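Visitor: What follows is each chain in one-letter form.
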Amino acid sequence: MGVENLFHGFHIAVTPFNLFVAVVGITLGTVIGVLPGLGGANGVAILLPLTFTMPPTSAIILLTSLYWGALFGGAITSVLFNIPGEPWSVATTFDGYPLARQGQGGQALTAAFTSSFIGALFSIVLITFFAPLLAEIALRFGPPEFFAIQLLTFSSFIGLGGGDPLKSLVSIVLGFILAAVGLDIVTGQLRMTFGFVDLMKGFDFIVAVIGLFGVGEILLSVEEGLSFKGTPTGMNLRVVLDTWKILPRYWRTFARGAFIGFWMGFKPGGATPASFMSYAFAKRFSRHPERFGKGELEGVVAPETAAHAAGVAAMLPMITLGIPGSPTAAVMLGGLIIWGLQPGPLLFTEKPDFVWGLIASMYTGNFIGVLMVLAFVPFFAAILRVPFAILTPLIVVVCAIGSYAVHNSMIDIWYMLIFGVVGYVFKKLDYPLAPLVLALVLGDLAENALRQSLIMSQGSLAIFVTRPIAGAITAVAIFFFLLPVLTPWWRRLRGAPGPGPAASPTRP
Amino acid sequence: MRAVDLATASILILLGGVVVLDSLRIGIGWGTDGPRSGFFPFWLGVIMIVACGTICLQALRGATDKPFVTRAQLGPVLKVLWPATLMVILIKPLGLYVASALYLGFYMRWVGRHGWVTLALCAIGIPLLTFVVFETWFLVPMPKGPLEAWLGY
Numbered sequence: 001m002g003v004e005n006l007f008h009g010f011h012i013a014v015t016p017f018n019l020f021v022a023v024v025g026i027t028l029g030t031v032i033g034v035l036p037g038l039g040g041a042n043g044v045a046i047l048l049p050l051t052f053t054m055p056p057t058s059a060i061i062l063l064t065s066l067y068w069g070a071l072f073g074g075a076i077t078s079v080l081f082n083i084p085g086e087p088w089s090v091a092t093t094f095d096g097y098p099l100a101r102q103g104q105g106g107q108a109l110t111a112a113f114t115s116s117f118i119g120a121l122f123s124i125v126l127i128t129f130f131a132p133l134l135a136e137i138a139l140r141f142g143p144p145e146f147f148a149i150q151l152l153t154f155s156s157f158i159g160l161g162g163g164d165p166l167k168s169l170v171s172i173v174l175g176f177i178l179a180a181v182g183l184d185i186v187t188g189q190l191r192m193t194f195g196f197v198d199l200m201k202g203f204d205f206i207v208a209v210i211g212l213f214g215v216g217e218i219l220l221s222v223e224e225g226l227s228f229k230g231t232p233t234g235m236n237l238r239v240v241l242d243t244w245k246i247l248p249r250y251w252r253t254f255a256r257g258a259f260i261g262f263w264m265g266f267k268p269g270g271a272t273p274a275s276f277m278s279y280a281f282a283k284r285f286s287r288h289p290e291r292f293g294k295g296e297l298e299g300v301v302a303p304e305t306a307a308h309a310a311g312v313a314a315m316l317p318m319i320t321l322g323i324p325g326s327p328t329a330a331v332m333l334g335g336l337i338i339w340g341l342q343p344g345p346l347l348f349t350e351k352p353d354f355v356w357g358l359i360a361s362m363y364t365g366n367f368i369g370v371l372m373v374l375a376f377v378p379f380f381a382a383i384l385r386v387p388f389a390i391l392t393p394l395i396v397v398v399c400a401i402g403s404y405a406v407h408n409s410m411i412d413i414w415y416m417l418i419f420g421v422v423g424y425v426f427k428k429l430d431y432p433l434a435p436l437v438l439a440l441v442l443g444d445l446a447e448n449a450l451r452q453s454l455i456m457s458q459g460s461l462a463i464f465v466t467r468p469i470a471g472a473i474t475a476v477a478i479f480f481f482l483l484p485v486l487t488p489w490w491r492r493l494r495g496a497p498g499p500g501p502a503a504s505p506t507r508p
Numbered sequence: 509m510r511a512v513d514l515a516t517a518s519i520l521i522l523l524g525g526v527v528v529l530d531s532l533r534i535g536i537g538w539g540t541d542g543p544r545s546g547f548f549p550f551w552l553g554v555i556m557i558v559a560c561g562t563i564c565l566q567a568l569r570g571a572t573d574k575p576f577v578t579r580a581q582l583g584p585v586l587k588v589l590w591p592a593t594l595m596v597i598l599i600k601p602l603g604l605y606v607a608s609a610l611y612l613g614f615y616m617r618w619v620g621r622h623g624w625v626t627l628a629l630c631a632i633g634i635p636l637l638t639f640v641v642f643e644t645w646f647l648v649p650m651p652k653g654p655l656e657a658w659l660g661y
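One line per chain: the protein sequences are A and B, in this order.
My numbering puts the first residue of the first sequence at 1, with every later residue one more than the last.
My numbering puts the first residue of the second sequence at 509, with every later residue one more than the last.
Note that these hints are calculated values from the structure, not bench results.
Careful, some of the hints might be misleading.
As the list claims (entries may be wrong) - Computed far set for chain A versus chain B, every beta-carbon distance over 10 Å:
| no. | residue |
| --- | --- |
| 1 | ILE12 |
| 2 | PHE20 |
| 3 | PRO55 |
| 4 | VAL125 |
| 5 | THR243 |
| 6 | PRO248 |
| 7 | ARG252 |
| 8 | ALA255 |
| 9 | ARG287 |
| 10 | GLU290 |
| 11 | ALA382 |
| 12 | GLN452 |
| 13 | VAL476 |
To be verified - Lysine-lysine pairs mimicking DSSO-like chemistry, simulated, CA-CA at most 30 Å apart:
| no. | chain 1 | residue 1 | chain 2 | residue 2 |
| --- | --- | --- | --- | --- |
| 14 | A | LYS201 | B | LYS574 |
| 15 | A | LYS428 | B | LYS574 |
| 16 | A | LYS427 | B | LYS574 |
| 17 | B | LYS587 | B | LYS574 |
On a predicted model such as this, the values are computed, not experimentally measured, just so you know.
Backbone N, C-alpha and C fix where the C-beta goes; we use that ideal spot for every residue, glycine too.
Working from the sequences, and respecting the hints, build out all of it.
Guide: Okay, structure coming up:
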């Protein structure tokens with residue numbers, strides 16, 4: 001059944017207009033991925049208003065292509081400039097930059113793009129087969145199950161996020177609080193508006209994404225006194241073909257990275273730990289672990305495969321459950337709602353054209369993407385040679401335009417500035433931003449699921465434990481919530497002091 | 509670092525307090541047809557206060573002397589922030605395109621010390637390009653001021 005649907009999807013994705021949209025999306029996405037301060041999430045957020053007048057399938061193709069482009073673009077800056085554009089590109093710099101310094105930049109980039117493509121392809125194939133099944137199961141879910149999944153989503157930030165669990169919790173709660181501001185849709189009561197008319201509309205998460213990730217990131221980068229010292233790309237057809245001859249040697253690393261990426265990726269915040277885990281495994285199983293960190297090609301293959309596999313896998317819960325796995329997927333989910341689609345399992349039965357067009361476009365988008373970045377790397381790398389005093393105000397202006405365009409309201413530009421400062425302070429204090437954004441997006445959904453569940457059970461919280469599916473999910477969620485408390489005990493029990501919690505990867 | 513950590517957590521505790529008070533005002537219990545509007549935010553506020561209180565305690569015990577931001581770092585950050593704030597203020601009277609042109613030109617001259625030719629090209633070219641893309645291609649209107657009105661838009 002999946003294959004027929006997929007063919008139908010290709011009919012939709014492979015029209016001249018949709019292919020053109022994909023090319024535009026990938027080009028813009030790569031540019032955005034290369035630019036400091038603009039990543040996948042806020043790139044998608046800024047372009048979202050431009051899609052309001054497009055057909056939904058073309059719109060989602062534009063946004064997903066932008067996302068693939070941003071993922072590829074992150075690899076370019078990591079390898080050539082030692083600047084990870086996104087947290088999950090940090091592990092790529094370990095061996096990518098040394099390779100570029102040794103004049104092997106072309107090889108490293110070819111390996112990075114190819115691994116990204118293979119990791120993505122692996123996840124897309126799995127999505128093709130698992131998404132319909134998962135959607136069918138999810139059709140039987142009621143409010144308690146959905147609330148349990150939300151719990152699981154946020155518990156994995158706390159248990160697996162890697163940072164300070166308390167600060168992750170605060171980020172989540174702050175997101176939910178901001179989401180609750182304004183009109184309560186169930187009772188029609190105003191909450192936390194304190195008589196201000198502007199607060200009645202609440203906070204739009206798109207503006208929050210642009211401020212937190214766009215403006216906040218720019219402030220962080222100027223603080224470091226940006227000066228880009230890039231190495232030449234050294235890319236040509238010969239290097240690409242030669243590298244492709246070497247790469248099959250690393251099939252084990254590819255397979256491991258793809259599995260780790262997919263497994264970690266459909267849970268939120270998974271891409272970054274997945275890339276580090278894949279790198280660590282590759283080093284552990286390598287015959288030359290001492291070469292890692294000094295310019296080992298396998299050290300580029302491992303994190304890139306996992307990061308891209310995870311990035312694609314984040315789309316799985318978004319299209320099947322209506323719960324995004326990453327901030328970028330969250331913005332796309334917001335897009336679905338604006339285009340008049342109801343995210344969730346019903347999409348598969350009610351809008352098959354949209355879903356299968358989207359899945360098919362993942363194949364075409366990544367295929368076009370890898371060819372484009374391989375061909376045009378020098379062009380994309382040249383963007384970072386644009387003087388910094390032009391790039392910085394330009395990005396701020398683009399962010400302002402994007403924020404205004406969401407609702408045509410001036411107050412949103414002010415919110416953007418405030419969120420920018422908040423993002424800057426939070427990032428410096430190690431409060432993670434992704435859970436805040438996800439909570440802001442899911443706030444109303446989570447609250448409604450909770451309230452409906454409580455109405456079903458006459459106010460008893462036991463409903464989340466007694467129903468079989470909800471109970472199992474809640475149990476896992478509680479386990480994740482307790483993980484930061486349990487881990488030290490477990491270590492003491494085994495008598496080993498163990499290493500401290502892994503430092504959360506931040507921009508160097 | 510510690511001072512800012514404490515200050516942030518304290519502000520968040522205050523915020524949590526405001527949320528709790530407002531939720532109590534609109535009711536946190538069981539209404540006629542389910543939990544009342546304040547139910548969910550009330551517990552969020554409580555969690556916020558408890559979590560930030562713990563963060564405060566942790567920060568008080570831990571002794572990190574790493575400064576939150578050095579003077580050399582703060583300079584460039586403020587150099588981005590206050591002209592940006594000024595631009596946002598100017599959007600209302602002048603329109604977004606003129607305000608962004610002024611902002612681009614000012615920042616390029618002040619921080620980048622670019623020549624007048626590059627400056628004019630970028631400061632006029634970039635807003636012009638955004639105008640074409642947003643107003644004519646995608647029909648997304650931006651705030652406009654007297655200049656656009658004079659040109660007939």
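Visitor: Next step is simple, just say for each hint if it's right about the structure.
Guide: These are the hints, each one checked on the structure:
1. ILE12: holds (23 Å)
2. PHE20: Consistent with the label, PHE20/A stays out of reach of chain B, its closest Cβ about 14 Å off (over 10 Å).
3. PRO55: holds (14 Å)
4. VAL125: The assertion about VAL125/A holds, with a minimum of 35 Å to chain B.
5. THR243: holds (37 Å)
6. PRO248: About 44 Å separates PRO248/A from the closest Cβ of chain B, which puts it past 10 Å; holds.
7. ARG252: Check passes; 41 Å lies beyond 10 Å.
8. ALA255: holds (40 Å)
9. ARG287: holds (40 Å)
10. GLU290: Holds, because the least Cβ-Cβ distance between GLU290/A and chain B comes to about 32 Å, which exceeds 10 Å.
11. ALA382: holds (16 Å)
12. GLN452: violated (8 Å)
13. VAL476: holds (20 Å)
14. LYS201/A / LYS574/B: Distance ~40 Å between LYS201/A and LYS574/B Cα, so the pair is violated.
15. LYS428/A / LYS574/B: With Cα atoms ~11 Å apart, LYS428/A and LYS574/B stay inside 30 Å; holds.
16. LYS427/A / LYS574/B: With Cα atoms ~15 Å apart, LYS427/A and LYS574/B stay inside 30 Å; holds.
17. LYS587/B / LYS574/B: holds (23 Å)
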